[in-house]
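Undergrad: Join the two chains, each given in its own frame, into one complex according to the hints.
Those protein sequences? They're chains Z and A, same order as listed. Quick note: the first sequence, position 261, residue 261 per this note's numbering, numbers continuous. Quick note: the second sequence, position 304, residue 1304 per this note's numbering, numbers continuous.
Take these hints with a grain of salt, some might be off.
DEER-style ranges, computed between Cβ atoms [as the list claims (entries may be wrong)]:
1. 1348(A) / 60(Z): 35 to 41 Å
2. 213(Z) / 1393(A): 47 to 53 Å
3. 324(Z) / 1213(A): 28 to 34 Å
4. 83(Z) / 1431(A): 55 to 61 Å
5. 1352(A) / 171(Z): 50 to 56 Å
6. 145(Z) / 1264(A): 56 to 62 Å
In short, the hints are calculated from the structure, not lab data. Where a beta carbon is used, it is the ideal one built from N, C-alpha and C, also for glycine.
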Amino acid sequence: MVFSAITEFAAQEPKLYAFMLGLVGAAILASVINVAAMAVVWLERKVMGDLQARYGPNRVGGRWGILQLGADAIKLFTKEDIIPRGADRPVYVWAPIIASATTMLVAAAIPFGAVNIGGKEIPLVVANMDISAFYVEAVLSIMAIAAFMAGWSSNNKYSMLGAFRGVARMISYEVPMGICVISVAIMAHSLNLVEIVQSQTIWYAVAQPLGFVIFTIALITDLGRMPFDQSEGEEEIVAGYVTEYGGIRFGLLYFQEYNSMLLGSILLVLLYLGGWNGPTIPVISFISPMVWFLMKVLIVLVSLIWIRVSLVRFRIDQVTDLGWKWMLPLSMVNLAWAVAVGLYFA
Amino acid sequence: MTTANDVLNALESAFPGAIQDAKVKFERQLWATVKPDKIVDVCKYLTNNHDFDHYSGAAGVDRIDEGLFEVTEMLASHGAHQVVALLKVQTPRDKPSVKSLTGLYWNANWYEREIWEMLGINFEGHPELYPLLLTDGLMGAWPWRKDFKGYPDYTTGERAVEMLSSDGYSEYKIGPMDAEVESGAYPYEKPEYPTFREREEAEIKSESEMIFHMGPQHAVVPGPFLLDLLVDGERVRKAFLDIGYIHKGIEKIMENRTYMQGIPITDRLCYMAALSNNESYCGSVERLLGIEAPERAQYIRVITQELSRIQSHLLGTAEFLTLIASAVYSPFLYMIIDREDVLTLIESVTGARINHSFVRFGGVRNDLPDGFAEKTKPVLKMVREKTEEYKELFLSDSIYRKRMEGIGVLSPSEARRLGVSGPPLRASDTSYDMRREDPYLLYKDLDFDVITRKEGDSKARVEVRLDEILESCYIIEQCLDQIPEGSIQEKLPKRIKPEPGEAYYRVEDPRGEMGFFVVSDGSDKPVKVKARGPVYAYFQALPPLLEGVYIADVVAIAGSMDSCTSEVDR
Chain Z
1 MVFSAITEFA AQEPKLYAFM LGLVGAAILA SVINVAAMAV VWLERKVMGD
51 LQARYGPNRV GGRWGILQLG ADAIKLFTKE DIIPRGADRP VYVWAPIIAS
101 ATTMLVAAAI PFGAVNIGGK EIPLVVANMD ISAFYVEAVL SIMAIAAFMA
151 GWSSNNKYSM LGAFRGVARM ISYEVPMGIC VISVAIMAHS LNLVEIVQSQ
201 TIWYAVAQPL GFVIFTIALI TDLGRMPFDQ SEGEEEIVAG YVTEYGGIRF
251 GLLYFQEYNS MLLGSILLVL LYLGGWNGPT IPVISFISPM VWFLMKVLIV
301 LVSLIWIRVS LVRFRIDQVT DLGWKWMLPL SMVNLAWAVA VGLYFA
Chain A
1001 MTTANDVLNA LESAFPGAIQ DAKVKFERQL WATVKPDKIV DVCKYLTNNH
1051 DFDHYSGAAG VDRIDEGLFE VTEMLASHGA HQVVALLKVQ TPRDKPSVKS
1101 LTGLYWNANW YEREIWEMLG INFEGHPELY PLLLTDGLMG AWPWRKDFKG
1151 YPDYTTGERA VEMLSSDGYS EYKIGPMDAE VESGAYPYEK PEYPTFRERE
1201 EAEIKSESEM IFHMGPQHAV VPGPFLLDLL VDGERVRKAF LDIGYIHKGI
1251 EKIMENRTYM QGIPITDRLC YMAALSNNES YCGSVERLLG IEAPERAQYI
1301 RVITQELSRI QSHLLGTAEF LTLIASAVYS PFLYMIIDRE DVLTLIESVT
1351 GARINHSFVR FGGVRNDLPD GFAEKTKPVL KMVREKTEEY KELFLSDSIY
1401 RKRMEGIGVL SPSEARRLGV SGPPLRASDT SYDMRREDPY LLYKDLDFDV
1451 ITRKEGDSKA RVEVRLDEIL ESCYIIEQCL DQIPEGSIQE KLPKRIKPEP
1501 GEAYYRVEDP RGEMGFFVVS DGSDKPVKVK ARGPVYAYFQ ALPPLLEGVY
1551 IADVVAIAGS MDSCTSEVDR
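This is chain A alone, in the form it adopts within the complex (with noise of 0.2 Å):
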């Protein structure tokens, strides 16, 4: 199998000079700095020659103090080997420039123009370098530089100027004062472009076709974004998706945080798998620091992140089943009364239901409560039952069957390509797990099965994701058996100032693959987190999958996915 130095050889000696620091980290990491010019050309060389078919993500550094930024691409391979390539490119300060990688993988769309409407980094060759997450009233004062300042404070009201639309309704427009802009008090360079009303409306080409909003606040949506749909009757014709309504900026907060005060706001990404990302952020700044955590504190933390993945898998399904079933939620009062025994287990042990805050750098917060396994074991046989009983009753039901079967099916090139993870990838017939391809924890010493279907529709993703609560169970029992006595925390010094560097860490969230980018500079702060959520994945691939299909079914492939928009606007 391909190591990362046998990638970093081979990229040596293809690029000569174009390859800079180049060295290897954490077993399977490969980090290098590449000419801006040459980026394109690499990236492809790796994606034909050695299977980086997997875009990750990208993350935006800014170097104030070299008068630099620098853009961190993640590649990874969909099984065909463990390495991960972090390329860094750099681009002056003030006049930023990167090229675009979107020729080459689909899904770097959304995570370039994220970086050019935080940071000002404008990418060539874009197709739509439209803002994302914020609002048309923020765009232009790029709030992930170092030297922003601040928005005006517009909490108040004050601050924002009521204006009358044609129909007569008020509208309010949140952007800087011209008098601020003229002083220089506020740095303001307006870009320009259409805005996603101008967009949608550009491709309404007959008299039978109109826009059909679903949000920002629908009857069912499970969060705030915005689903535009452009419809001939019943028949969607293209999907326009918004998304930035909760936008809370919580890279940005844990920038101005140290490193432990990140640990609570990592819940807050999404408050169903808090555990996954209190693991992400944790694992990356154990790399950072070079520790790890005693093999009590792994076993603990294997335990609560699978029950969290039972828990969240339960409400997930059940959300789904809700969303094809309408105002009479059946399934979901089912499910709900069995995810609060697994949630009860959880508390036990992490004291909180939803926020935890747990995993702790080189451990965990609390040892497990006495008598945790002989808890533990029924809830789990009920579980298993339970689930059993669910897919009897769903999943082999003609009408259920009706809605789910051959519903927004995903072929696995098609997959691959739109860079989802997670039980909709492996719906999708991808054996892609990062407990097994990129292996924390102890997950490579326990025994489990990568659950896949080979159909890809919405049938598949939600059996995949009962399938993989009887997985979930079958962990959390080896490693209540295994088990050892001791510590559960590593010394640590009072604070936490990692070397300077940068550390990804990838886990498998219970909706897929969520990495952690830091980056320390010596100091108790980090120069830059990137949080890199399964659901921003899913949702940047949601339009392409609703083209053509009908309105109702619209939620049948969205509810499938098994959202959350807090963690996509982060």
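The following block holds chain Z by itself, in its conformation from the complex (with noise of 0.2 Å):
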């Protein structure tokens, strides 16, 4: 009955039935994104505390302190919304709303996986794009002007000196990490995300070890998590960018990492680790690649929070001096290991 009425809508007006479509998508993507994102952060307190001999959260939602983080959200939404007096009000209004719209474009064209539907793999992807790969590297680095944004517009120095040292950082990992993507796709020939997973008989960790690990390093800097956080070093500028954040705008801000996080891991794990490729399970062949999947992501994410917790800060000065002498010409060398070994299978 319903689904009758449905199709007779779409064949009526299938501009508006598309357009419709879209929007039920995106709101099932940011919902989902969001509460994966809530997940990533249960996930890195309950780690971070067992790898520091503590509990970490245990009370809210019983022993596993599962309903933690909705306490938190509550109580993000409910705080009083500060705007500090000097802020440049629009830019910071605005600020969080970016860096979290961001995330939300970069997921469009992401897959999360994809099931077995009678021996063919169906990806699950919102946006298919030939270029999806490109687009992604394009989109994630709205999330630096989005972080300078925040700091700028604060008008307090320890913003201000977050925001420089964040746009620092991305400059001088940006490139290397662009080109670790290049050489991927000059691999795959194809610059399409399913298509890279599709065509990685074996893992392209495998096959370039040196773009793996740069383009690692790269993303971990470009989440600004340790050790390369230097845009909020607690210590020396109190929290960066965010300092004069607060409630909600805050809570978009702190979310917006998380998310990209998760959105990081999951493009590390399509372009180096697979993807969803992995052998069928025979009992739940229908969701075994978005198990593989899964695992690896999940892998991913407690490496990053094992490094988080195990690492010190790098200085700013060593940090760019890094990617400079040391990212920027290693991943060269590894465009031209990916370009020979591509024509000498050619």
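TA: This is the structure we're talking about:
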């Protein structure tokens, strides 16, 4: 009954139908991504707790503290919304919105695994673009602009230094990161993330070990996580570009970080760790690719958390030094390697 | 080796008539009154001819009955000999003025500023007589003078005057009311000087520079103090340090308490080193009383103080590693767990974890509990293993090393000139440890090494601390094996009234040289107590050390000093 009404509507108004379908898809995507990011926050707090010989959240929501994040979210939503006197008001207000919108834009082009229907793998992706790898790279760098807007508009010295550091770091690591993506695209003969996954008969982490390492480091830098979180170095510049933010505006910036951590891990799995490829698991062959995919993402996430707990922060000059003097030349070497291997097998 | 008598004879022949009441007390201390106009020459002579290159501090005493102020300059040597010279300079009360030693000793600066703001003694030739501990509103009443009546009561807030600044923020003025000054109820002679803010803003030379505030409340400072950095981008061009945000007036409080009541107050100087502070104060009063603790009590003191050193170094290292590792304080969480076991041991002896008030004049409060040695040895073994593990984990990791090596390098000569002591001085290749240089308790009979490093950077300071933990374990084990049976407390009169006189007693705090200078007039309350703390000296040395470094390194340098604001402000 409902289905027939919908198909009728789709036949009569195809453009409007496509638009509404897009809206529904975006709503589903936004909720899934944000809930998943909350799960990442919970995972990080729990794993960090275990690694540091303490418990982590263990009160709200049973002994695993599952509802802690709900409680935090409610707190952030109900807090007073403060805009500092002297702040550049429109920029200050828009920075968190742009930051979280960016992650949504990235999420639209990223496949979230695949399902196996009748021996055919169907990737779960909202917008399957031919240039999705390039698109994701390009849109990810908008994040630095949002961070800079936040830092600049706050009219605070800590925020401004944090913003400067963030941009300096982004510039020095976007280049090697982009070159790594190009190397992968050369091997896969495609910029489409789905095709890149499908072309990985052997993982690109094995085919391009150097590229894998460089991309991982550049990704951590891009995400602004330890040991590359100079833009919010607590003991020097308090909280960097988010110092003046509070309430839900802070919440948006905070979730944006975990959204991008999740998306970054997925990107790493897609580009280098074979995405959802893996031997079919007999009984649950329908979701077998999904299981492989989630397992890989989880391993990457836990590794990122482990790195955060273990290492100390680089100084900003050491970061740019590493970026320009080591990462960039090495990524060029990796590009040459990718081209040579590509020519050999062509 | 030079003895105090040699120095005394040399002084008397070099400056005939300028030295009065000279005597040698407590084996190694030379006490003398020097004519005011000769003090700089005498100090110069001592520095050049007898290696008195360490300015240990200065204390100002108000001798109201004689109409005099007395400034005691304390000089020592960095390892050339063990003599401490305490030179007193007297100046009339109505127009007090003393020659400044800042030209000779760089670190005399803060000690003289403090005496100036508290007692109102002018120091001729001092380059920057600005308030150090007091706020501008409290200046001019000279609170350490014996005729000081107290500040007006502002605790209710009624007397504070609200003023609106030009930016629209409320500020509160806590100076005395004009009427009080005019009626003479409040003695007030406000000195003229540029304020802290005016001084730092005068240094801004170009458009690209700005003042970057760290403190008084900052994410990670160990207590409230203001570190203002004049930065050009990420580089620090000049650092300004303002202290006094938690000034408690401990020394003045102790003047109004009996000698015994002073002990708990010394705990509050620094909660990480409460036992060393107890020891320093009690040792000084013991010297005034002319008594010494029985042997068993001395062993107990050494054991507890070394345990205290272990826990302080563990926390100091943990705090430092947290400062460079930020919010993910893994090293901190690991070390604090080990520290807990050590604290439990201390608690089993003293009954308290932080504020012990354990040391007594001529003894200790109570004996070791039964089975203490059996409980201690496994803990020491654990501490040893963990310390070795931390050295491997944190000091050999390449990223940790990147943040520590070559950061905040203090050359040996610079470290001595700036007057730092304790681990930062020993990390700069100077073997200067009170347990060896000014031996107290049983340390001259105990076997231990003074740990030194050559590099003088942040990493060397952390290494010295971790290695000292191992040495402390060794000292405790020796004491546990050797400790004799016997009394733990010397017989003392009910009311403690030392003979008139002065005493100075230095101990090796976990952070460095801690000295208490106590003056008695024969009554049951001290005339003057001066605490000379090690962190005060580190703090003074920070601004020159921070010039030209990156902002991120500021915390790596300040943190490696292991600071404690409570002791700086007293």
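Undergrad: Checking each numbered hint in turn, tell me which of them this model violates, lowest number first.
TA: Structure breaks hint 2 only.
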